[in-house]
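> Line order of the protein sequences matches chains A and B.
Those letters in the first sequence? Residues 1 to 318, per the working numbering, in order.
Those letters in the second sequence? Residues 1 to 318, per the working numbering, in order.
The hints are simulated quantities; they were obtained by calculation from the structure and are not laboratory data.
Warning: the hint list may mix true and false statements.
Any copy will do: because identical chains look the same in the list, a pair fits if it lies in one copy or spans two.
Using 20 Å as the maximum straight-line C-alpha spacing, the simulated EDC-like pairs for lysine to aspartate or glutamate come out as follows [claimed, not checked]:
{"id": "1", "residue 1": "K196", "residue 2": "D181"}
{"id": "2", "residue 1": "K34", "residue 2": "E125"}
{"id": "3", "residue 1": "K88", "residue 2": "E44"}
{"id": "4", "residue 1": "K160", "residue 2": "E224"}
{"id": "5", "residue 1": "K38", "residue 2": "D136"}
{"id": "6", "residue 1": "K28", "residue 2": "D186"}
{"id": "7", "residue 1": "K34", "residue 2": "D63"}
{"id": "8", "residue 1": "K15", "residue 2": "D260"}
{"id": "9", "residue 1": "K251", "residue 2": "E281"}
{"id": "10", "residue 1": "K28", "residue 2": "E125"}
There are 2 protein chains.
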Amino acid sequence: MNVVDKLIENTISTKNPSVIGLDPDIGKIPACYKVNAKRNNPFEAIANVIYEFNRDVIDMVADLVPAVKPQMAFYEKYGSYGVAAFEKTVSYAKSRGLVVIEDAKRNDIGNTAGAYADGHLGCVELLAGSCSPSFDADFLTVTPFLGSDSLHPFIEACEKYSKGIFVLVKTSNTSSGEIQDVVTSDGMTISQRIAKYVSEQAGTFTGEYGYSSIGAVVGATYSEEAVSLRKLMPKSYFLVPGYGAQGGGPKDILPCFNEDGLGAVVNSSRAILYTHMTNEERAQCTRQEYLLSVRTATLKMQEDIYSVLKNEYRQMVY
Amino acid sequence: MNVVDKLIENTISTKNPSVIGLDPDIGKIPACYKVNAKRNNPFEAIANVIYEFNRDVIDMVADLVPAVKPQMAFYEKYGSYGVAAFEKTVSYAKSRGLVVIEDAKRNDIGNTAGAYADGHLGCVELLAGSCSPSFDADFLTVTPFLGSDSLHPFIEACEKYSKGIFVLVKTSNTSSGEIQDVVTSDGMTISQRIAKYVSEQAGTFTGEYGYSSIGAVVGATYSEEAVSLRKLMPKSYFLVPGYGAQGGGPKDILPCFNEDGLGAVVNSSRAILYTHMTNEERAQCTRQEYLLSVRTATLKMQEDIYSVLKNEYRQMVY
Chain A
1 MNVVDKLIEN
11 TISTKNPSVI
21 GLDPDIGKIP
31 ACYKVNAKRN
41 NPFEAIANVI
51 YEFNRDVIDM
61 VADLVPAVKP
71 QMAFYEKYGS
81 YGVAAFEKTV
91 SYAKSRGLVV
101 IEDAKRNDIG
111 NTAGAYADGH
121 LGCVELLAGS
131 CSPSFDADFL
141 TVTPFLGSDS
151 LHPFIEACEK
161 YSKGIFVLVK
171 TSNTSSGEIQ
181 DVVTSDGMTI
191 SQRIAKYVSE
201 QAGTFTGEYG
211 YSSIGAVVGA
221 TYSEEAVSLR
231 KLMPKSYFLV
241 PGYGAQGGGP
251 KDILPCFNED
261 GLGAVVNSSR
271 AILYTHMTNE
281 ERAQCTRQEY
291 LLSVRTATLK
301 MQEDIYSVLK
311 NEYRQMVY
Chain B
1 MNVVDKLIEN
11 TISTKNPSVI
21 GLDPDIGKIP
31 ACYKVNAKRN
41 NPFEAIANVI
51 YEFNRDVIDM
61 VADLVPAVKP
71 QMAFYEKYGS
81 YGVAAFEKTV
91 SYAKSRGLVV
101 IEDAKRNDIG
111 NTAGAYADGH
121 LGCVELLAGS
131 CSPSFDADFL
141 TVTPFLGSDS
151 LHPFIEACEK
161 YSKGIFVLVK
171 TSNTSSGEIQ
181 DVVTSDGMTI
191 SQRIAKYVSE
201 QAGTFTGEYG
211 YSSIGAVVGA
221 TYSEEAVSLR
231 KLMPKSYFLV
241 PGYGAQGGGP
251 KDILPCFNED
261 GLGAVVNSSR
271 AILYTHMTNE
281 ERAQCTRQEY
291 LLSVRTATLK
301 MQEDIYSVLK
311 NEYRQMVY
């Protein structure tokens, strides 16, 4: 099954095109997860806290969202122990039926890019010559700065392993325009030129719903740019960061969608995981209290986005 | 001590501005490293082979090169076990007096970029509130696609932890020009604009020799571009990929250096680690035979580069 179809089916069944960014922040994970952490190795202790927290969050939202987006940086910072917590999180999320979008913004050339692609999306050769999945994410975010030959190995992996990528096209941060908005000799911005390339590649990866697993990252904070990018990449799924904590609201993300209410998933991390409680509340709450609060925040985001979409797009398929 | 000074002092003492890329390729590591690999867990078995191979290579070349450049993709592909082998490799290389340039091309925004920076270059907060180094590399490569605000956290980490970065400015691959050569409204290419930014940041990070730990990646395969980039970034150290297997020769890398014979380190991976022996030889050699062959390849690269530099730059300081 094409992973983009799985993402779409999950979106339709949950009536929710928003995903939760699993960005563990040890300073903000509630105290009740930390009190009994095993402390043989301090990195292992943190990795255990992170995985327990993620597992409970996943259990609490698995029926509400189509996918989770773990951000690799927040695991990798704790070295191999953190990466092990990442692996367990991916595996658990998949076991609960969620699509896993790994946000790692990998980029390199030739066989080095191939190593990233095999490791994150595909399988790797072992000593005995057999091949085994390593991270086994469904989607991976990739950075296109090195040009199209640096993207080929990731696209090949999508074909070989039936996986997907989101290529950074227009990012949500303030400085994104310094490179991405530069106008090239053909009158297109760098973002638009990358979009054109993504769209060309997307063609052969479309699934049942007409969408492609070769997707794009388009920030919620640039809705004007999103209009032209949506036109340039009609078949590509968009991963939309920048909602909530970064300033994007429900109306800003409308241009990322098509008339069918599909074509994009919107990410929120901090507003779902942490900011619905104060520091003091996070210090004193029980796990159950905290998780219910996560569920409430998840439902609120679903309602906010769904109602705006429903109002705008009369041909929504869910 | 500024890490760039350590890199320079190692370069002077070895009379060698070339570094070895530690890119483990399990298909090319000689058979003698694989026969007795413990196989309880197939990923752990590979990680053990990789670390043993790296440790022996480091022992064999520690007196010949100033630094090693492990490429994270080739470790990370084996998940947390591979990352553990990476950590041990970094630690061992540093214990042998080598500078460690981590090639991971990390990039992200805000606190996510901060998580990468702390994890790879600095220290991370543990449950008890204390801070501990995680990967603890000396230098990290970073990709500037998201703009200057995405580079700030890495630059801050360089200041806080006395470390260095190499910002991708002009990469060695065929497609690098698609984005990097685009001419901006001020008449500069994207590469040149990034170079200007790097140079502005470099100023406050200069060490004893007048060079900065805020450096740049400039491919050996684009020597014309290197001329202008060297002028734009007089104080930044260059990390030069693309030598050897990718087609760059000793004369191509000359513009990356200054008159003092400093200002750049040239990387070679495959030509040092693997291609000096045939598949058949790698299947049959002893460890000692293989390692002597690595040493010979390392000495040859040193001689090739040093003789060309010495001939061109009469004011060389080594």
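> Against each hint, give a clear statement of whether it holds in the structure.
Status of the hints after comparison with the structure:
no.	hint	verdict
1	K196 - D181	both (14 Å within a copy, 18 Å between copies)
2	K34 - E125	between (37 Å within a copy, 14 Å between copies)
3	K88 - E44	both (13 Å within a copy, 16 Å between copies)
4	K160 - E224	neither (35 Å within a copy, 38 Å between copies)
5	K38 - D136	neither (28 Å within a copy, 24 Å between copies)
6	K28 - D186	neither (47 Å within a copy, 44 Å between copies)
7	K34 - D63	neither (26 Å within a copy, 46 Å between copies)
8	K15 - D260	within (12 Å within a copy, 65 Å between copies)
9	K251 - E281	neither (31 Å within a copy, 64 Å between copies)
10	K28 - E125	between (38 Å within a copy, 12 Å between copies)
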